[in-house]
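Colleague: Here the protein sequences come in this chain order: A and B.
Be aware that the first sequence starts at 46, since it is given in our numbering, and climbs by one per residue.
Be aware that the second sequence starts at 28, since it is given in our numbering, and climbs by one per residue.
The hints are simulated quantities; they were obtained by calculation from the structure and are not laboratory data.
Keep in mind it's a predicted model, so treat the numbers as computed, not measured.
Built from N, CA and C at the ideal position, the CB exists for glycine as well.
Some clues are possibly wrong.
Beyond 10 Å from chain A on every Cβ pair, some chain B residues (computed) [as the list claims (entries may be wrong)]:
{"no.": "1", "residue": "W37"}
{"no.": "2", "residue": "V57"}
{"no.": "3", "residue": "L152"}
{"no.": "4", "residue": "W395"}
{"no.": "5", "residue": "L425"}
{"no.": "6", "residue": "T477"}
{"no.": "7", "residue": "L526"}
{"no.": "8", "residue": "S537"}
Chain A is nowhere near these chain B residues, computed Cβ spacing over 10 Å in every case [claimed, not checked]:
{"no.": "9", "residue": "V129"}
{"no.": "10", "residue": "V356"}
{"no.": "11", "residue": "Y429"}
{"no.": "12", "residue": "I535"}
{"no.": "13", "residue": "W561"}
Covered stretches of chain A (in silico footprint by chain B; criterion: 3 or more residues with CB under 8 Å from a CB of chain B, positions within the stretch not fixed) [as the list claims (entries may be wrong)]:
{"no.": "14", "segment": "84 to 96"}
{"no.": "15", "segment": "137 to 145"}
{"no.": "16", "segment": "264 to 272"}
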Amino acid sequence: MIVVEALQKLYGDFPAVQGLSFDIGPGEVLGLVGPNGAGKTTTIRSIAGIIIPSAGIIRIAGHDLAHDPVRAKAELAFIPDEPHLFDYLTVEEHLRFVGRLYGVADVNARIPRLLEEMDLQDKRVSLPGELSRGMKQKLAIACGLLHEPKVLLLDEPLTGLDPVGIRRMKATITKRAAGGSAVILSSHLLHLVEEICTRILVLQHGKAVALGTMAQILASRPALENRSLEDVFLALIGQDEASQA
Amino acid sequence: MIRVFGYLAWRSAHNRTARQLRHLRSPRYVAALLFALVYLWYMVIAQRPAPVASELADTKWVELVGAIALLGAVAWGWIFGVERRVLRFTPAEVTFLFSAPVSRRDLIQFKLLHSQLFILFNALLWTLILSRERLGVSPWLRVISIWVLLTTLSFHRLGASFVRTSLAEHGRLGLRHRVVSLVVLGAVLVALTWSIMDALPAMAEHRGEGTFAFLPALGEAAAQPVPTALTYPFRIMIRPLIADGLGTWAHALWPALIVLLLHYIWVVRSDTAFEETAVAVSLQRARALSQQGGRGLTAPLSQLRPTPSVIRLAPSGWPAGAILWKNLVGVARRRRVRNVGVALLIGGVIVTLLSFDPEGMLAKVAGWFALTWAGAMAVVGPQWVRNDLRGDLLKLDLLRSYPLRGASVVAAEVIASTVVLTIIQLGLLIIAYLAFVGDEFMEPDLGGRTLLLLAAFVLLPPINLLGMLIQNGTALLYPAWVRLGSGKPAGVEALGQNLLMMVAYLAILSMLLALPALLGGGTFLLLRAGLGLWAAIPATVVILGIIAFEAALLVDWLGGIFERTDSASAGVGA
Numbered sequence: 046m047i048v049v050e051a052l053q054k055l056y057g058d059f060p061a062v063q064g065l066s067f068d069i070g071p072g073e074v075l076g077l078v079g080p081n082g083a084g085k086t087t088t089i090r091s092i093a094g095i096i097i098p099s100a101g102i103i104r105i106a107g108h109d110l111a112h113d114p115v116r117a118k119a120e121l122a123f124i125p126d127e128p129h130l131f132d133y134l135t136v137e138e139h140l141r142f143v144g145r146l147y148g149v150a151d152v153n154a155r156i157p158r159l160l161e162e163m164d165l166q167d168k169r170v171s172l173p174g175e176l177s178r179g180m181k182q183k184l185a186i187a188c189g190l191l192h193e194p195k196v197l198l199l200d201e202p203l204t205g206l207d208p209v210g211i212r213r214m215k216a217t218i219t220k221r222a223a224g225g226s227a228v229i230l231s232s233h234l235l236h237l238v239e240e241i242c243t244r245i246l247v248l249q250h251g252k253a254v255a256l257g258t259m260a261q262i263l264a265s266r267p268a269l270e271n272r273s274l275e276d277v278f279l280a281l282i283g284q285d286e287a288s289q290a
Numbered sequence: 028m029i030r031v032f033g034y035l036a037w038r039s040a041h042n043r044t045a046r047q048l049r050h051l052r053s054p055r056y057v058a059a060l061l062f063a064l065v066y067l068w069y070m071v072i073a074q075r076p077a078p079v080a081s082e083l084a085d086t087k088w089v090e091l092v093g094a095i096a097l098l099g100a101v102a103w104g105w106i107f108g109v110e111r112r113v114l115r116f117t118p119a120e121v122t123f124l125f126s127a128p129v130s131r132r133d134l135i136q137f138k139l140l141h142s143q144l145f146i147l148f149n150a151l152l153w154t155l156i157l158s159r160e161r162l163g164v165s166p167w168l169r170v171i172s173i174w175v176l177l178t179t180l181s182f183h184r185l186g187a188s189f190v191r192t193s194l195a196e197h198g199r200l201g202l203r204h205r206v207v208s209l210v211v212l213g214a215v216l217v218a219l220t221w222s223i224m225d226a227l228p229a230m231a232e233h234r235g236e237g238t239f240a241f242l243p244a245l246g247e248a249a250a251q252p253v254p255t256a257l258t259y260p261f262r263i264m265i266r267p268l269i270a271d272g273l274g275t276w277a278h279a280l281w282p283a284l285i286v287l288l289l290h291y292i293w294v295v296r297s298d299t300a301f302e303e304t305a306v307a308v309s310l311q312r313a314r315a316l317s318q319q320g321g322r323g324l325t326a327p328l329s330q331l332r333p334t335p336s337v338i339r340l341a342p343s344g345w346p347a348g349a350i351l352w353k354n355l356v357g358v359a360r361r362r363r364v365r366n367v368g369v370a371l372l373i374g375g376v377i378v379t380l381l382s383f384d385p386e387g388m389l390a391k392v393a394g395w396f397a398l399t400w401a402g403a404m405a406v407v408g409p410q411w412v413r414n415d416l417r418g419d420l421l422k423l424d425l426l427r428s429y430p431l432r433g434a435s436v437v438a439a440e441v442i443a444s445t446v447v448l449t450i451i452q453l454g455l456l457i458i459a460y461l462a463f464v465g466d467e468f469m470e471p472d473l474g475g476r477t478l479l480l481l482a483a484f485v486l487l488p489p490i491n492l493l494g495m496l497i498q499n500g501t502a503l504l505y506p507a508w509v510r511l512g513s514g515k516p517a518g519v520e521a522l523g524q525n526l527l528m529m530v531a532y533l534a535i536l537s538m539l540l541a542l543p544a545l546l547g548g549g550t551f552l553l554l555r556a557g558l559g560l561w562a563a564i565p566a567t568v569v570i571l572g573i574i575a576f577e578a579a580l581l582v583d584w585l586g587g588i589f590e591r592t593d594s595a596s597a598g599v600g601a
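Work out the full structure: start from the sequences and follow the hints.
Modeller: Below you can see the structure in the form of structure tokens.
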């Protein structure tokens with residue numbers, strides 16, 4: 046569903062991402078983890094078609110993002126960590142707006158379902174200025190899910206959500222993956238990644254330092270066996286006690 | 028404390044300038060800088076002093092007209108609302124300064140200090156722009172005069188903001204706090220209205236007789252006791268600008284400095300509503316920034332209500348139509364815009380009825396006013412109406428994630444602001460048309476005026492489209508140098524910057540309109556012998572066709588730039 050080959054992004058001379066390759070099939074949830082500045086956001090935004098890569102190929106549901114961006118983008122949804130909303134559109138109007146952009150014919154039927162799933166039914170006619178941070182995040186997520194994307198790109202999706210919202214969000218991600226969507230989830234919340242991701246990609250200095258299931262990563266590093274993802278992560282980026290010593 | 032503020036203001040300005048200068052690595056930014064430098068060089072050095080007609084060069088007229096213009100600008104701000112952004116603090120300033128042990132007065136001092144960098148830059152710019160005029164003393168003394176004038180105006184806007192905010196947010200309590208300011212304001216407004224009504228009949232007699240006949244009539248009207256008193260403070264501000272020697276300049280400067288000092292005292296002392304206002308405005312800005320919200324907003328968010336949208340969005344159709352719809356809904360939801368619409372409607376009915384009164388002046392005044400504004404909107408409208416990419420570029424990442432071609436995004440964005448500007452212009456032209464409906468002696472006659480109005484309906488939308496494409500193209504090409512969102516430079520003190528932008532805009536628009544005008548005019552001349560005035564129809568078709576072709580090329584080109592623009596390197600978006 047998502048194919049990334051030799052992705053590279055340079056900012057001037059600085060390589061934000063270099064030589065990154067991976068693919069994700071339907072139903073998979075890939076956890077993207079790494080320290081600040083590792084290239085997670087650059088990677089996820091490149092796949093979303095927001096940033097133009099310096100080199101490499103990205104395919105979304107069979108469409109080359111560089112040559113057929115409109116079709117590729119029609120198959121994906123990008124949900125950033127900061128909800129980007131329009132001041133003048135109500136909650137429902139945001140969904141209608143997105144429905145038209147993505148050509149969702151049965152938007153009238155989908156809106157109530159999504160509002161219920163995101164617990165936003167009572168805020169249908171509210172403007173973003175009247176919503177809390179968490180509600181805005183839910184609305185941004187609802188907008189991303191409206192066209193039932195085959196590819197879901199989530200950048201720190203739990204920021205600002207309350208415990209109930211977090212539980213709903215986790216359920217939403219798993220439900221979409223179970224429905225056949227390919228999901229990339231970038232997060233610093235390692236317990237979340239451990240809980241819902243089927244594979245993990247650890248980035249550092251723009252390069253992949255580990256890619257695979259938790260079992261595969263541990264199998265290649267026997268010293269880390271029986272350790273939590275947090276310990277594994279710190280060891281991979283050279284910030285564990287052994288490396289520090 | 029002033030040192031801390033000075034450090035913050037200076038370092039911020041230094042780093043911001045350095046960041047903007049780094050964009051000069053890009054050839055397109057170098058080209059823009061060269062254009063600006065060539066223009067200034069042309070203004071300052073290459074052009075010989077302008078031959079000013081002796082009547083106009085007379086400093087007494089400059090003083091009078093300048094004073095009336097300043098009075099008008101100040102009165103406009105009081106009546107129609109002074110920009111609340113004068114008080115705007117950045118979210119970081121709110122976080123660090125409002126929670127720090129800093130008094131309100133110190134915060135105001137910071138605001139005043141911070142605005143100085145901007146004012147100084149514009150004072151220098153104005154000095155360059157006015158350098159070919161033969162008025163006044165040396166350019167360096169003129170910098171000081173302009174600085175005093177712009178700083179006073181800036182202080183006045185700040186003080187006016189306090190008064191208006193205090194009234195709006197504290198009701199009767201605000202009235203009590205502001206009694207002195209309000210009494211002065213009320214007296215000025217009454218005197219101003221009375222003076223205008225008193226002077227109108229005499230002025231109307233000289234209308235159409237040219238500037239040289241009009242100016243003495245204006246001078247005579249302004250020489251009456253009430254207008255003299257009204258314009259006196261503004262004359263004081265203009266006099267240093269037109270002083271013809273060092274002694275005269277020094278003599279003219281100290282009263283201007285006293286006016287400046289009085290404004291400073293007024294602003295620093297009237298801090299009652301400051302904190303509430305500043306926090307409200309700053310939080311509004313913080314909220315907008317947190318949503319990456321550039322929106323060309325003039326009404327505060329608190330005034331927005333989720334009223335039912337009058338414009339429906341069908342679920343299917345041109346996908347980018349959603350962006351057009353979004354931008355129009357945004358404009359329709361602003362209370363101020365709706366109020367202006369209703370006022371224009373009621374005004375239209377009233378002026379139509381009044382136009383049949385042969386003795387009445389009100390309809391004529393309203394008509395000329397509307398006509399003047401419609402003309403002015405052709406020049407400044409594309410800078411003012413910003414419900415397009417200039418508002419949305421701060422959400423570049425979001426726009427880029429949509430499954431749309433860049434050209435479609437650009438087209439939808441530009442059409443939105445074109446529609447709004449055209450509606451405003453046509454509304455004003457209709458008001459002007461109605462105001463003269465009953466005038467049987469006016470030239471051109473009613474039939475001619477009707478034809479002109481119809482021509483405006485046909486020609487204004489494509490011309491505005493080109494204008495908006497230029498403005499949006501500038502924002503796309505120079506996102507780091509063009510102010511995006513609602514934070515465009517405002518107020519009289521920003522006029523220097525805006526003037527430079529306007530010169531560039533008008534130059535490009537003229538180039539784009541030259542070909543359609545030439546070929547359209549040629550078609551008319553060719554066919555006139557056979558078709559008479561009906562030749563205007565094929566000529567119009569030619570004009571529209573060429574403009575459409577130019578617009579399509581521009582949309583396609585800008586669409587490509589939109590697709591290649593990277594938010595991180597462009598300095599916009601998240």
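Colleague: All the hints need checking, so say for each whether the structure fits it.
Modeller: Against the structure, the hints:
1. W37: 27 Å, holds
2. V57: Holds, since 17 Å exceeds 10 Å.
3. L152: Check passes; 32 Å lies beyond 10 Å.
4. W395: 35 Å, holds
5. L425: With a cut-off of 10 Å, L425 of chain B comes too close to chain A, as the shortest Cβ separation is near 4 Å.
6. T477: 37 Å, holds
7. L526: 30 Å, holds
8. S537: Label holds. Min Cβ-Cβ 34 Å, cutoff 10 Å.
9. V129: Answer for V129 of chain B: holds, closest chain A Cβ roughly 28 Å.
10. V356: Non-interface label on V356 of chain B violated, nearest chain A Cβ at 6 Å vs cutoff 10 Å.
11. Y429: 5 Å, violated
12. I535: Holds, since 28 Å exceeds 10 Å.
13. W561: 42 Å, holds
14. 84 to 96: holds (count 5)
15. 137 to 145: Since three or more residues must qualify, the claim that chain B covers the segment 137 to 145 of chain A holds, with 6 doing so at under 8 Å.
16. 264 to 272: n = 0 at 8 Å, threshold three: violated.
Consistency note: the structure conflicts with the earlier hints numbered 5, 10, 11, 16.
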